[in-house]
Amino acid sequence: MNADERWLMRASIEAAGYEQGKAVLRDVRLEVKPGERVGLLGPNGAGKSTVMKGLLGQLPYWKADVQWQAQPGKESAGQGSAMNSLLAYIPEQPILYERFTLWEHLQLAAAVCGISEAQLAERAEGLLNRFRLNHVRDDYPIKFSKGMQQKTMLVAAFLLEPALYLVDEPFIGLDPAAVMELLEALDEERARGAGVLLTTHVLDSAERLCDRFVLVHQGTAAASGTVADIRAAAGMPDGTPLFDCFHKLTKPMEAS
Amino acid sequence: MKPGGGLTGSLRRSGSPIRLALSRCFVFWRKSASAWRMTLDWTVVLYLVLPALWVAGGMYADLFRHPPDWLGRVPEWAPAAILAVLMVRARLRTFAEYGDGLFLRASGKWVRGMAATGLAYTMAARLAVAGVATALLLPPLAATAGWGFGQGALLAAAAGFMGFVWTCARDAAERRWLGARRVLAVNALRAAFIAAWIPAARWLVGGDEPAAAVAFNAALAACSALLGWRRTMVSGTFAHELEAERQAYADNVGWVLMDTEKAPTPPAGRRPWVLRNPRPLLKRRSEPARIAELWLRSLLRDGAQTATLLRFACLGITAVWLPPLWLAAIAWIGMIALLALWLDGLWDRWLSERYMALFGWQEDVRREAGDVGRLLLLRPVGLAWCAVIGLHVGWMHGGLWWSAAALLPAVGYPLLGWINAAASRTLAARASRSSRKDAGKAT
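Going line by line, the protein sequences match chains A and B.
Residues 1 to 256 in the working numbering are what the first sequence lists, from first letter to last.
Residues 257 to 699 in the working numbering are what the second sequence lists, from first letter to last.
Chain B on its own, in the form it takes in the complex:
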């Protein structure tokens, strides 16, 4: 980042709150793009992204040429729901930075100017997102539901204004509450907004009262302006604005940077929500088992890791259900191997956390704890996949074959233990080779 050069530099040098906020906006998007470029290098773009866009574009165009039957059965509320989901993900932006606390926040004029610019950006972003989403939804719906440009424009404008109102409501709720109350309040508000928006959107595109629809949009615009003006007058918002900016960046690049070293995200509440009760989970109370249990607790409390684990489990269910049975067995082994590798990576990363690294670990305790911890997740997921294959067998052949749904997990239980032990040996051998190689390089 070069604050002195280019467009960003010229905006910063000119010295007005609007220009400073705009320069930070450019920097924000440039940083996000840089992070994405690290993952999406030209090979990924050439071999994955462009073909995926080509296929998706072709499928989208095909919707017009040969409208499928299901398009006519899409519920009337579905487009409004899609817009609502996009709307309630948004947050109010101000482009505040830590350094502002030194001098800039002492000037009311600068604070209000930057807040007003952030509000204008938020409004523009909401209108743009709603506009693009409606433009993509409109053509197929024009063919099936008979929507016109006017209805689409009204819907897009209303979704944009409503999105802005949502960001103001979210901002107020997040400033008002902390921890678990904040999460509950924001999710309750989300549900309320979606519940209010869907019938309003259906009425808006109904086309019965166009004047009333325009008046509705005008009222939403006036409400947005009023809320924005009130927000610029609020003081004591600096800490929250910094947190909102950090979250906005994390939302943008969190997925591409999930494997990199990054600042830890503090948990939402004062106490854990998952596995809150300190009662032991495992009967075995050896040192490795106690450590493995602590690893499991910390892993399941990490929302992103739990979501990845669930996605992995769902992917595995699809992989073992869809193909023929002989291929499902191979897919099961492949998915188990992948899961074991992923869990091993998580274990290694956990061990490198600063608190864990404080202690002098005995090698045998560390290895055994890793084995126990891996099996704690490998076994339930692997058994679920076994049960899915068993259900598939029953589904295809019926009768006694349904018993495969119980028999396969029974066979899978010891098999998974054996696979985990084999994985431990393989991973230990790989780690040993790698450390010998490193030692060789050092000498």
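Same shape as in the complex, but just chain A:
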């Protein structure tokens, strides 16, 4: 199998929505390869978060074929799985439990995903130090600042060492140093072979960070591929920023 044929996850979303039979998303195809960063872009309400929720198994209406390449040492995930050893989700708004300390959040993630206590101690130590949270490990994260809460979610996700990261708006709520730490940590995970699917509105950053893109607009994929593919789809010359291509690709559809 050559490099182009290797993939981690393939999703072919026929229809998806928040009510049975009412699709807000149609005909979106995604593929994430090992070590790849794929940007899921689109204006507000385009359906980016719907894709994420569908992949996490949180949508009541989800007609999709999601395939996972077999991973050594990882359990196979069912179609539309929640967080497990294959998939980790970093939400835009931190999701925390008010009666758990930071350490207990990690303990729960580890216990549910089959990580032993020895592995938990080893992995968590490095992550808590990296994100400078070790001194508050026995505090309630619900009392943290928004940025520290987001870091708690990052630590919980990195702890699982999954095959794929779903990262929703990673640049919101984190200070520049924390964004750098997140990107470094994601790069290390990519070097291990993990893939990253991220949504963002910050197109300049997306252009620098992502290898490929899927542009979602009005509930369907308007364009996908590398920056060159997106430029070609938009009919823009070489060197055109992604921002202008995005504007071009979404404007006519809005007008129509």
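Don't read these hints as lab results, they were simulated from the structure.
Treat the hints loosely; a few may be bogus.
Derived CB-CB ranges, DEER-like [unchecked claim]:
#1 B:Leu597 / A:Gln93: 33 to 39 Å
#2 B:Leu482 / A:Asp204: 56 to 62 Å
#3 B:Arg540 / A:Trp7: 37 to 43 Å
#4 A:Pro241 / B:Arg540: 55 to 61 Å
#5 B:Trp433 / A:Glu188: 40 to 46 Å
#6 A:Pro176 / B:Ala495: 24 to 30 Å
#7 B:Ala456 / A:Pro176: 58 to 64 Å
#8 B:Leu571 / A:Gly114: 37 to 43 Å
#9 B:Arg689 / A:Pro241: 55 to 61 Å
Because the structure is a prediction, the values reported are computed rather than measured.
Beta carbons are placed, not taken as given, at the ideal position from N, Cα and C, and that holds for glycine.
Assemble chain B onto chain A, guided by the hints.
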């Protein structure tokens, strides 16, 4: 809620801080009443509330007709203590809302006007509560302690003013401290107020110096006015006022809405007070045991759930102590079944928390963790009830029968494990039937 209609709407439209605060006061009580109506529908009112009021009223009236012996033995300080407990539950109200932060809080006149209205409401509420409580206490005490109307009125007014002073002190303490310090400070202030109030109230109703008692009330009224005036001048109180309003609503409807989905109440401190040490509680370190331990920690940190569990345990002790022994055994089984059902409901609710729902749970791990978690609480409570039955046996028959206090828990230990396993099978079968039914409906 219809802001445009009715009395509330007309108050809002008229545009003054006093009217706005009053309209919010009406909305607050209407919302609280609506929440209570959800639980107290007409069947509950007809079959439970009205009979309970009828019986309670009859018992109260009987206190006058046939004063029981114990009424004469009620300590002199007891009425003052009852008033003190009512007093220190109160908080200062301002009827602030989140939307006020947009424009309204920029106007000093509106902020002061609404604060003054809230203070006046707080004072009126304190006087009304103290008045009603004293009016209920006065008749039986008039017969036994020889209290008169004048003494009762003086006591009620003093309790009302003192209650207002308490709300101002509590407000200042809650604005000054956060987290554990706040809880400690408010409870220390509560203790200090009760300690100061009880001797003052006893002196007040002693009846030796009526002029001094009136002067005392006048001084309390002046102190209340001064504190109220100072409070209207304080700035930077918006966040605290919002929190106080949220708490006031939660105090009103928390009990009736305890089984519904609601915004989580953040814990008081930065760190847990209960089971603060992260050291493992269980020797078994399998995944289900680790999850069950985390559930237990979170449950015991929830004050409301812990209080319900303690009440349940006390109710069980009464249920197994009072009846004959054969009935106590049946009561034990019934109470264990109820406890298992309640714990199962708590477990299901915990699993549906957003953080837990993030993860893909394996069915066998989830089921086993639920079994272990349930047994962690079922066993100690069940064994305590066993010990109570054993003590009852010893109390009734004496001699060697006292050994039942140790023997029954020894028998109960494996029995509770068996009951928990049976409960797991039954609950799993019920869940499976329910999911099949749901799947049938969906298709």
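Cross-check of the supplied hints:
Distance hint for Leu597 of chain B and Gln93 of chain A: a CB-CB separation of about 34 Å, consistent with the stated range 33 to 39 Å. Taking the beta carbon of each, Leu482 of chain B and Asp204 of chain A are about 60 Å apart, inside 56 to 62 Å as hinted. As the Cβ distance of Arg540 of chain B to Trp7 of chain A is approximately 41 Å, the hint placing it in 37 to 43 Å holds. Checked against the given bound of 55 to 61 Å, the beta carbons of Pro241 of chain A and Arg540 of chain B, roughly 58 Å apart, stay inside it.
Remark: the range hint 40 to 46 Å for Trp433 of chain B to Glu188 of chain A is upheld by a beta-carbon distance near 43 Å. Distance hint check for Pro176 of chain A and Ala495 of chain B: the Cβ-Cβ separation is about 28 Å, which falls inside the suggested range of 24 to 30 Å. Separation of Ala456 of chain B from Pro176 of chain A is about 60 Å and conforms to the stated range, judged on CB atoms against 58 to 64 Å. Separated by about 40 Å at the C-beta atoms, Leu571 of chain B and Gly114 of chain A satisfy the suggested range of 37 to 43 Å.
At about 59 Å, the beta-carbon gap between Arg689 of chain B and Pro241 of chain A stays in the expected band of 55 to 61 Å.
In the structure shown, no violation is registered for any of the earlier numbered hints.
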